[in-house]
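Chains as they are written, first to last, in the numbering used here: chain A, 1 to 205; chain B, 1 to 205; chain C, 1 to 229; chain D, 1 to 229; chain E, 1 to 257.
Keep in mind that a hint or two might mislead.
Computed Cβ-Cβ distance ranges for the label pairs, DEER-style [as the list claims (entries may be wrong)]:
#1 C:VAL132 / E:GLY153: 40 to 50 Å
#2 A:GLY94 / E:GLY244: 31 to 41 Å
#3 B:HIS199 / D:VAL113: 50 to 60 Å
#4 D:GLY204 / E:GLY244: 31 to 41 Å
#5 E:ASP241 / C:PHE159: 52 to 62 Å
#6 C:ALA212 / E:SER92: 19 to 29 Å
#7 B:HIS199 / E:ASP159: 23 to 33 Å
#8 A:ALA154 / D:ALA212: 53 to 63 Å
#9 E:PHE87 / B:GLN59: 38 to 48 Å
Please keep in mind that the hints were generated in silico from the structure rather than gathered at the bench.
Beta carbons: idealized from backbone N, C-alpha and C, even for Gly.
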Amino acid sequence: MIGGFPVLAGATMSVAVGEIVLLQGPNGAGKTSLLRLCAGLLPIARGTGSVFGFDLATQRDSIRPRVGMLGHRNGLYGDLTVAENVAFWGSTAGATSAEVEAAVTRLGVDGRLRDVMVVKLSAGQKRRTALACLVARRAELWLLDEPHAGLDAAGRDELDTVLRQAVDSGATVLVASHELERAGSLAHRVVEVVAGQVHEVEPPS
Amino acid sequence: MIGGFPVLAGATMSVAVGEIVLLQGPNGAGKTSLLRLCAGLLPIARGTGSVFGFDLATQRDSIRPRVGMLGHRNGLYGDLTVAENVAFWGSTAGATSAEVEAAVTRLGVDGRLRDVMVVKLSAGQKRRTALACLVARRAELWLLDEPHAGLDAAGRDELDTVLRQAVDSGATVLVASHELERAGSLAHRVVEVVAGQVHEVEPPS
Amino acid sequence: MSRWRIARLVAGKDLRIERRSRVLTNQVLPFAGVTMVMFAFALDASNVLERVAPGLIWLATLFSMLVLVQRSFAIESDDGALDALRVAGVDPVAIYWGKSIALAVQLAALEIVLLIAAVLLYGAEVPLGGIVLLATTLVTATCGLACVGTLYGGLTAGFTGRETLLPLLVLPVVAPVLIGATRAVESALGTDGVALSEGWPWIGLLAVFAVAFGAGGALAFGPLIEEAT
Amino acid sequence: MSRWRIARLVAGKDLRIERRSRVLTNQVLPFAGVTMVMFAFALDASNVLERVAPGLIWLATLFSMLVLVQRSFAIESDDGALDALRVAGVDPVAIYWGKSIALAVQLAALEIVLLIAAVLLYGAEVPLGGIVLLATTLVTATCGLACVGTLYGGLTAGFTGRETLLPLLVLPVVAPVLIGATRAVESALGTDGVALSEGWPWIGLLAVFAVAFGAGGALAFGPLIEEAT
Amino acid sequence: MTAATTPTTAPVEPALRVRSSGTMATRTLGIATIVTMGWLVAFGLGFSPADRDQRDAVRILYMHVPTAWLAYLAFVVTAVSSAMYLFGKKHSLGFDRVAGASAEIGVVFMALTLVTGMLWGKLTWGVYWQWDARLTTTALLFVSYIGYLAVRGLGGTHDQRAKRSAVIGLLAVIEIPLVHFSVRMWRSLHQEASVLDSDGDVDMDGLMLFSLFVGVVAFTLLYVWLLLHRSRVIAMEDLLDDQGLDRALDQRRAEFL
Ligand code: HEM
Ligand SMILES: Nc1ncnc2c1ncn2[C@@H]1O[C@H](COP(=O)(O)OP(=O)(O)OP(=O)(O)O)[C@@H](O)[C@H]1O
Ligand SMILES: Nc1ncnc2c1ncn2[C@@H]1O[C@H](COP(=O)(O)OP(=O)(O)OP(=O)(O)O)[C@@H](O)[C@H]1O
Ligand SMILES: [Mg+2]
Ligand SMILES: [Mg+2]
Chain A
1 MIGGFPVLAG ATMSVAVGEI VLLQGPNGAG KTSLLRLCAG LLPIARGTGS
51 VFGFDLATQR DSIRPRVGML GHRNGLYGDL TVAENVAFWG STAGATSAEV
101 EAAVTRLGVD GRLRDVMVVK LSAGQKRRTA LACLVARRAE LWLLDEPHAG
151 LDAAGRDELD TVLRQAVDSG ATVLVASHEL ERAGSLAHRV VEVVAGQVHE
201 VEPPS
Chain B
1 MIGGFPVLAG ATMSVAVGEI VLLQGPNGAG KTSLLRLCAG LLPIARGTGS
51 VFGFDLATQR DSIRPRVGML GHRNGLYGDL TVAENVAFWG STAGATSAEV
101 EAAVTRLGVD GRLRDVMVVK LSAGQKRRTA LACLVARRAE LWLLDEPHAG
151 LDAAGRDELD TVLRQAVDSG ATVLVASHEL ERAGSLAHRV VEVVAGQVHE
201 VEPPS
Chain C
1 MSRWRIARLV AGKDLRIERR SRVLTNQVLP FAGVTMVMFA FALDASNVLE
51 RVAPGLIWLA TLFSMLVLVQ RSFAIESDDG ALDALRVAGV DPVAIYWGKS
101 IALAVQLAAL EIVLLIAAVL LYGAEVPLGG IVLLATTLVT ATCGLACVGT
151 LYGGLTAGFT GRETLLPLLV LPVVAPVLIG ATRAVESALG TDGVALSEGW
201 PWIGLLAVFA VAFGAGGALA FGPLIEEAT
Chain D
1 MSRWRIARLV AGKDLRIERR SRVLTNQVLP FAGVTMVMFA FALDASNVLE
51 RVAPGLIWLA TLFSMLVLVQ RSFAIESDDG ALDALRVAGV DPVAIYWGKS
101 IALAVQLAAL EIVLLIAAVL LYGAEVPLGG IVLLATTLVT ATCGLACVGT
151 LYGGLTAGFT GRETLLPLLV LPVVAPVLIG ATRAVESALG TDGVALSEGW
201 PWIGLLAVFA VAFGAGGALA FGPLIEEAT
Chain E
1 MTAATTPTTA PVEPALRVRS SGTMATRTLG IATIVTMGWL VAFGLGFSPA
51 DRDQRDAVRI LYMHVPTAWL AYLAFVVTAV SSAMYLFGKK HSLGFDRVAG
101 ASAEIGVVFM ALTLVTGMLW GKLTWGVYWQ WDARLTTTAL LFVSYIGYLA
151 VRGLGGTHDQ RAKRSAVIGL LAVIEIPLVH FSVRMWRSLH QEASVLDSDG
201 DVDMDGLMLF SLFVGVVAFT LLYVWLLLHR SRVIAMEDLL DDQGLDRALD
251 QRRAEFL
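Based on the sequences and whatever the hints tell you, model everything.
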C-alpha cells in the first residue's frame, strides 16, 4: 500500500509495501473504522486516501480484488462445510483446488473438520476457517481486525507463520489487535490510534 | 458452585465457592460447551451435574437466578442506549438504579457513551457494556466465555478488578479464555479441557 | 421482584425500541396498505371489493402481525438476548406477558388505522351500536392475535427458516380469529345487509380464543423458549 | 475469472445451501398452501373465489417469493458474507446473476407445483396452446420476479426492519407481474371464458418487465449493495 | 446438543438387536386388518346399494368418511399423548413417540380424505376443488399438522423435540371442532353432518350404514396397527441416534488419547 491518507480526525499515515503494521489503541479509538475505510466499506467524508496508488473514494474497483479483510464477523456460510467455504472464497478469487487444499491444511481445519458444517464449529475453529478463506484468496493487502480473538496458542503461531509468508511473497499487512505482545513482536511498525488520531510508536526491538 | 459433574466426555470436575477457575484448552476442546452446560443452555445427554447443590437437568429454575453468563454474543439490545441496557438487565434482577449507575461507571461506559445506542459502539465498548450488565445483576456464579476478547489493556485491568471484587463478596467465577497469562495470574486454579476431557493443571505461582 | 413488574419492564423495552426504530409507522403500516392493494389487484373482479373489505382488513392485519412478531423476536435473538434472558432466569411468564402486551399495543394501533380507513373509504354509516361492536372486536381479536403471535414467535426464534415456519404454524391457528373478526366487522358495518345482532356471538368466539391462548401461552412459553437452540 | 463462472459459483452455493436446509420443500411450499387457504377464508363471504383462483396462485407465489428473498440474503448477511464479497471485489453483476438464477430455480419449482395443483383442482382441460402459454408465462414471470427480488433483497440486506421493508418495496413493483401473469393463466385455463389469444399480449408485458429488471438490476445491484451498511 | 460435546458416565446401552417392529400381537392385528379391509371391499363395492342421486359414486363414502374420522382420532391421540408427556411426572419419551407416529398417520389419513373428497367432488360437483368451508378447514387442518411435523424435525435432543412438539400438538387439536362445525358456521356446499348429527338419529340406508361401519372398523384396525409399528420404528431410530452418540463419544475419547 502506497500513499497517505488523513484518518478519522486529521492524522496522516502511510504504509509501505511488504510491511506488517500493528494498529493499537484503546476501545473506540477507531481501529476498526480505519480498516473498514481501507477496505472501502466506509465512505470517506473528509480528506483523501489511496491504496496501491488508486484513490479510495473513486477507484475502489481497482483496489478491491487485491484486498483481503478479516473483520469481526467471519463472513462464512453456516450451511456449507469448511472445505466448501474455503473453496467458494478461494475460487471466486481464481484459486486452484490445490491452493484451496493447501489453505485448509495450513490452518489446521483439515481432517475430520474438513466436512463439518460451519455452524457446528467452535468459535476458534470458525476463525481458523475464515483465515483459511483469506489465505486461499492470496490478497496483496491484508486487513485483519483482531485476528487473534478466539484462536488458541497453536492457532496464533499458525497465524504468525501465515502472515510472515504473506509478507515474504510481497503482501502488506495491517493488523488491529489488543494482543500487543503477540502482534507487536511480529510487526515491523506499531501505530497507535487514539481518539481518531494516528501516531507512530517506537518500533519493537 | 458446589458439586461435581462429569463433563463432556467422561471427566469430572468440581469447583468450590469463591474460586476463580480458568478453563483453557485448544480450539474445539469444549470450553464453551462446558460453560453453556453450567448455564443450562445445553441439555445433558449423559451423566449428571449440579450447581449450588441443585441438579442441572431438573432444577434449573433454582439455579438460574443466581447465575450470570457472558457468552460469545453480548446479549444487548442494539436500539437501546448503554444506560438503558444496563438498567434493563440490572432491574430484571432487582438492582436499584444506584447499583446500575455504579456498574456503568465501573466499566468505563459512562460519560458520553452512556446515552449512545449500542449499535453505534465499537466491539470493545459493547463488550464493556455487556460486562456492566453482568455486574449490575450481582450473580453468584459467573460464567465468562472469552471475556478478554476485544477489551483493551485498561478494560482488562477493570475486568480483573471486577472479578476480584465479585469473588471477595462470595461469588464463584468460571472463565474460559485463550489469554493464558492474563487470566492465569488471576485464577486460583487452572483446568485444562482437551477433546472433551477435563484435567487439572498445576496452580499458577 | 414481582412478575408483573418484570412484564412491564419487558413491554416497556419493546415499545421503546419500536419508538426509536419506527418500524410500525414507517414500514408495517405501509406494508399493510400495500398488501390490501395487492389483494384488490388479484381480485380485480371489481364491485366485490366492498363486500370483502372486512376480510381484507383482517387478512392484512394477520400478515402484518407476522412481520411484527418476527421483528419482536429478531430483537431478542440478534445478539443472543433471548439466551441471556433464559440464563438469567427471568420469569418466562413475565417475558410472555410483556412481549404480548407490546405486540398487542402495536397491533391495535395498526388495526385502528386500517378500520378507520375502511370506514371512510367505503363511506359506511356506522351506528353507535356498530362502533361498540367494532371496538369490542378490535380488543378481543388483538389480544388473541398477540398471545398466539408471541407464543409461536418464541418457539421459532433462532431457527433457520423461521420466516416461513412462523406463518406455517400461526396462520392455521388464527383462522378462527380471521373468521370471527371478519364476521363481526361485517355486521358492525352492515356489509351485505348483515344485522348488528349477528356480530355479538362471534365476539364470544374471539374472547374464548384470547383467554385460551393467554392462559395456554403463559404456561407453554417457558418450556418452548427453553427448548430453542 | 469470467463473470459467468462466478455467477455459477454463487448460484451453486445458494442452491447447495437450499438443498441442505430444505427450506423450500419443508416450509415455503406449505406456507404457499396456507396463504391460499387463508385467502379463501377471508373471501368466503362472497362466492368470488373461483373466479380469482389464478390470482390466488400468483399472490401465494409473491408472498413466498418474499420469504425466499429474505432467506437468500439472510444467508449473506448473517455472518457478514455480503461485506466480505464487497471487500473481495467479487463482481456485483456476477453476484446479481448468480443469486437471481438460484432464486428463479426455487421460484420455478414452487410455481410448477402450484400451477399443476391448480390445473388439477379446477379440472381445467388445458389445450396444447394453453400449455405452451402456461409454460411461457411461468418462465417470463419467474425471471421478472427473481430479478426484482434479488435487486431489492440486496438493497434491504442488513437493515433493521428488513422483514417489512422488503415487501413494502417489492410488492408495488411486482404488481404488473401479478396482473399480467394472472391474466395469462386465466386465458390459458379458460377461466371466465377468456380466449387463449388474449393471453399472449400479457406475456409481452411480462417479458418486457423481466428484461428491464434483468438489465437494470445488473447495473444497479453493485451501487446498491455498496451503499448498504 | 451434539454428539461430540456430550458428557457421559452412563453405561453404554445394549446393542440394537431388534430386527423388526413386529410382534405376535401386531401380526394378529395385521391379519385382522386385512380381513376387515376385504369385508369393506365386499360391502362397499358389492353388497351396499347405489345411491338414488349419486349412484355408484356414493361408494367413495366408505373410504372418505372413515379416513376423516380416523384422522380426527389420530390428532386427538397426538394431543392426549402430548399432554401425558408434558404433564406426566416422568416425561416419558414413549408418549412423544406415540404422538409423533399418530400425527404422521393422521396426516396420511387426512390426505386420503382430501383425495377421495376431491374425486367425489369431481363426480358430484364437476370440479375437484371448491373453496368451501369444510374443504378449506380440512386443508387447514392438514397444513397445520404438516407444521407440527416440521416442528418435530427441527432437531435437538429427543427431549427437546418432545417438549416443543407436545405444545404444538396440544394447540393444533383445537382446530378439529372448527372443521367439524364449519359446515354450520358457513353457507357450505359440503354435506351436513348426517351420520353423527347433533340430534342423534340416523337417516341412512341400513346396508349403507353397515358398510360405513365396516369401513370405520377396518380403518381403525389399520390405524392401530400402523401406530404400533410406527412408534416402535421411531423408538428404534432414537436408539440408533443414542448409539451414534456413544460411538461419537468413544471417538472423542480416542482423540484425546
Ligand atoms: C376435497 C373435498 C372434500 C373434503 C376435504 C371433505 C372432507 C370431509 C371431512 C373432513 C369429513 C368429516 C366431517 C366430520 O364428521 O367432521 C367429511 C365427511 C363427509 N363428506 Fe366430505 N369432503 C370432501 C368432499 C365431499 C364430497 C364431494 C361429498 C359428497 C357429495 C362429501 C360427502 C361427505 C359426507 C356424506 C360426509 C359424512 C358427513 C357426516 O356425517 O359427518 N365430501 N368430508
Ligand atoms: N452447535 C453445534 N453443533 C454441533 N457441534 C458443535 C456445536 N457447537 C460446537 N460443536 C462442537 O463441539 C466441540 C466443542 O466446541 P466448543 O465451542 O465447546 O469449543 P471451545 O473449547 O469453546 O473452542 P474455542 O476455543 O474455539 O471457542 C467442537 O468440536 C465443535 O465442533
Ligand atoms: N456504526 C456506527 N455508527 C456510529 N458510530 C460508530 C459506529 N461504529 C463505531 N462508531 C464509533 O466510532 C468510534 C470508533 O469505533 P471503532 O469500532 O473503529 O473502534 P475500535 O478502535 O475498533 O475499538 P475496539 O477496540 O473496541 O474494537 C467509536 O467511538 C464508536 O462509538
Ligand atoms: Mg474494533
Ligand atoms: Mg469457545
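To see whether the hints hold, each was checked on the structure:
Distance hint for C:VAL132 and E:GLY153: a CB-CB separation of about 46 Å, consistent with the stated range 40 to 50 Å. A hinted range of 31 to 41 Å for the beta carbons of A:GLY94 and E:GLY244 is consistent with their spacing of about 40 Å. Checked against the hint of 50 to 60 Å, the pair B:HIS199 and D:VAL113 passes, with Cβ atoms roughly 56 Å apart. Distance hint check: the CB atoms of D:GLY204 and E:GLY244 are about 57 Å apart, inconsistent with the given range 31 to 41 Å.
A hinted range of 52 to 62 Å is violated for the C-beta pair E:ASP241 and C:PHE159, which are about 20 Å apart. In this structure, C:ALA212 and E:SER92 meet the distance hint of 19 to 29 Å, their C-beta atoms being roughly 27 Å apart. Our hint of 23 to 33 Å for B:HIS199 and E:ASP159 holds, since their Cβ atoms are close to 30 Å apart. Distance hint check for A:ALA154 and D:ALA212: the Cβ-Cβ separation is about 55 Å, which falls inside the suggested range of 53 to 63 Å.
The beta-carbon spacing between E:PHE87 and B:GLN59, approximately 19 Å, falls outside the hinted interval of 38 to 48 Å.
The structure shown violates the earlier hints numbered 4, 5 and 9.
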